[in-house]
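J.: Spelled out, the chains give:
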Amino acid sequence: MDRPTLLLADDDATIIAALTPFLERAGFHVLTASNGKDALEKAQSHRPDMIVLDVLMPRMDGRQVLRSLRHAGQQTPTILLTQVGDAHERALALEEGADDYLNKPFESNELLARIRAVLRRSQSGQASLSTAWRLAAHSLTIDRRARRAILDGQVLDLSPKAFALLEYLITHPDEVISRERLLQLVWGWEYPAGTRTVDTRMFELRKALGDDPSDPTFIETRAGEGYCFIAPVRLLP
Amino acid sequence: MKHFFISLSLVLLAIGSFALYLLPVLWQPEPVLVFRIGVGAAIFSVLFVVAVLIQIVFVARNWGAEQSIRKVARERDEAHGQFLRRLDHELKNPLTALQATLTNLRETESDGEIQRGVENATQAANRLGRILGDLRKLSELEYQMLEHRLVDIEQLVSEMVGAACSLPAHRGRNVKLLVSKVPVLPSVLGDRDMLGLAFYNLIDNALKFTTLDDAIEVRIRQDGRSLFIEVADSGAGIPLQEQARVFEDLYRGENAREVDGSGLGLPLARRIVSLHGGEIALRSDPALERGSVFIVRLPAERKG
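Taken in sequence, the protein lines are chains A and B.
Numbered by numbering that gives the first Met the number 0, the letters in the first sequence go through residues 0 to 236 in order.
Numbered by numbering that gives the first Met the number 0, the letters in the second sequence go through residues 0 to 303 in order.
Just to be clear, a hint being listed does not mean it is correct.
[What the hints assert, rightly or not] List time: in silico DMTMM-like cross-link candidates among lysine to aspartate or glutamate, alpha-carbon distance up to 25 Å:
no., chain 1, residue 1, chain 2, residue 2
1, A, K103, B, E112
2, A, K206, B, E141
3, A, K206, B, E118
4, A, K36, A, E23
5, A, K103, B, E141
6, B, K91, A, E23
7, A, K103, B, E118
[To be verified] Ranges of calculated distance between the beta carbons of each label pair, as one might list FRET restraints:
no., chain 1, residue 1, chain 2, residue 2, range
8, B, R220, A, P159, 50 to 58 Å
9, B, R115, A, D198, 32 to 40 Å
10, B, G63, A, S107, 55 to 63 Å
11, A, R119, B, R115, 33 to 41 Å
12, A, P212, B, E300, 26 to 34 Å
13, B, A168, A, P57, 38 to 46 Å
14, A, P57, B, G63, 20 to 28 Å
15, B, G161, A, A17, 19 to 27 Å
16, B, D76, A, H45, 25 to 33 Å
17, A, P231, B, A280, 51 to 59 Å
What the hints contain is simulated information worked out from the structure, not anything from laboratory work.
Note that the coordinates shown come from a computational prediction; the quantities given were computed from them, not determined experimentally.
Cβ atoms here follow ideal geometry from the backbone N, Cα and C, with glycine treated the same way.
If we strip away everything but chain A, and leave its shape as in the complex, we get (with noise of 0.2 Å):
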């Protein structure tokens, strides 16, 4: 019984048979619900651990559910897939109390790739970074209510990529992020020069942060792989 129980649930019952049998061969006992109201009485009653939530969903959406969930205290890991690409439907999963979250269309290698990345930080026994409103790592300070980060008493500009790339890596610190997920979360869309771009927007975080890369205090770049936040995140009040 050491395989981890996952709750899969989407109305589209194409994509849930394309991803159980795939799911199932990674290792999961998978569950499976075509709607919310389906969703949260699973959740409850076989308390898996970890959902998988479309928020498109007929009777109640995804984030319905997991507000149900978190407002009884349920906080099983779970990973939103967001229909629309905007900045704002991606905030908005965060601010639900998601762990992490994916756009539609998405690789399944990808969304594996996602929990197995939520279920080891949830099994570290590390409390949840992605429902908190203020963090903080040595002097830095972010809010994200007021989308503001504040170095040793100073309000950093930043762009508000910069800013959501920061939230991120910030939210899952020890993680390495490829500058293909980076993109994929912050624009929301494939961009042409993709990779290049997001080292763009890295260049202008570094520099707000005063990190240098040959000897990072915040960001480490991992050659190849991506980014990775290395400093120590404690939540504040």
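Following the hints, put chain B in place on chain A, whose structure we already have.
T.: Leaving out everything else, chain B in the frame of chain A:
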């Protein structure tokens, strides 16, 4: 006899009196009603007449404006209908390929064919993904706030040239970047990523519609308060009848049929440039049928 003449005289006198009274009435009719009008009333009357005339002109002009609003709405509806028809067409092709591939996969047992089928299906899915991605970019442009930061256009364009040339399909291709250095180029205020996307689409287009033997130049220069970025190629050029339509959503010209693309690259570029207060134009000589130049004008940010 005497009575006869007195009577005749009286009759003539009576006729004369009547004539005296009646003739002016007959020949010069008296007015039936006579008004006495004050100066104030006269001014009021004149102004009233003028106001009525203005109203008539106003109503006529409103009617004209209403007609032109209706025309714009009709054109928008037509454009919308055309967009849906083109979208239907663009989605149909990869979907048909996908369905045909799946049928093959169901029927074949040969490993080679299965592998080819999987490759085909992946290609069709990628194509659908690209169309969807471009549609999403277009829709995001409608409501997403653009960033307003100083953008170094030379650096950005050079990045985009590098990105376009690094695609496997364009490997080995050469794009010449010419930057006028005097005076020093000013920055542009705007959204770096969006502007980058616009330049990338233009450069990618130039690469897609030319061959290894053709030359591609990207030129940047300042003229007054504007920055001009030109993407020029020595390719086959664009026929005159297609030139006005290349910026329409999902429009695919005759030459574009066999070239992979969503038909949304140029419309995206145009929308991005116009959101930055600039414009984009196309110059292609149909008589020579060689070469096209896309010219982007962006307002330059004043220095200091």
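J.: Run every hint past the structure and note whether it holds.
T.: Verification of the hints:
Among the hinted pairs, K103 of chain A with E112 of chain B is inconsistent with the structure: their alpha-carbon atoms are about 29 Å apart, more than 25 Å. Restraint check for K206 of chain A and E141 of chain B: not satisfied, since their Cα atoms lie roughly 31 Å apart, outside the 25 Å limit. At most 25 Å may separate the alpha-carbon atoms for a hinted pair to count; K206 of chain A and E118 of chain B exceed this at roughly 43 Å. Proposed proximity of K36 of chain A and E23 of chain A is supported: the alpha carbons are some 23 Å apart, at most 25 Å.
Simply put, K103 of chain A and E141 of chain B have alpha-carbon atoms about 20 Å apart, close enough for the 25 Å limit, and the pair holds. The hinted pair formed by K91 of chain B and E23 of chain A fails the criterion: a straight-line CA distance of about 33 Å is larger than 25 Å. Simply put, K103 of chain A and E118 of chain B have alpha-carbon atoms about 21 Å apart, close enough for the 25 Å limit, and the pair holds. The given range of 50 to 58 Å is broken by R220 of chain B and P159 of chain A, whose C-beta atoms sit roughly 31 Å from each other.
Separation of R115 of chain B from D198 of chain A is about 37 Å and conforms to the stated range, judged on CB atoms against 32 to 40 Å. Under the hint 55 to 63 Å, the C-beta atoms of G63 of chain B and S107 of chain A, about 59 Å apart, fit the expected range. For R119 of chain A paired with R115 of chain B, a C-beta distance near 38 Å keeps the hint of 33 to 41 Å intact. Taking the beta carbon of each, P212 of chain A and E300 of chain B are about 29 Å apart, inside 26 to 34 Å as hinted.
Between A168 of chain B and P57 of chain A the CB atoms are about 42 Å apart, so this pair conforms to the stated range of 38 to 46 Å. Look at P57 of chain A against G63 of chain B: about 49 Å separates their beta carbons, and that is not inside 20 to 28 Å. A hinted range of 19 to 27 Å for the beta carbons of G161 of chain B and A17 of chain A is inconsistent with their spacing of about 37 Å. For the pair D76 of chain B and H45 of chain A, the supplied restraint of 25 to 33 Å is violated, since their beta-carbon distance comes to about 51 Å.
As the Cβ distance of P231 of chain A to A280 of chain B is approximately 55 Å, the hint placing it in 51 to 59 Å holds.
Hints 1, 2, 3, 6, 8, 14, 15 and 16 from the list above are not met by this structure, while the remaining hints are.
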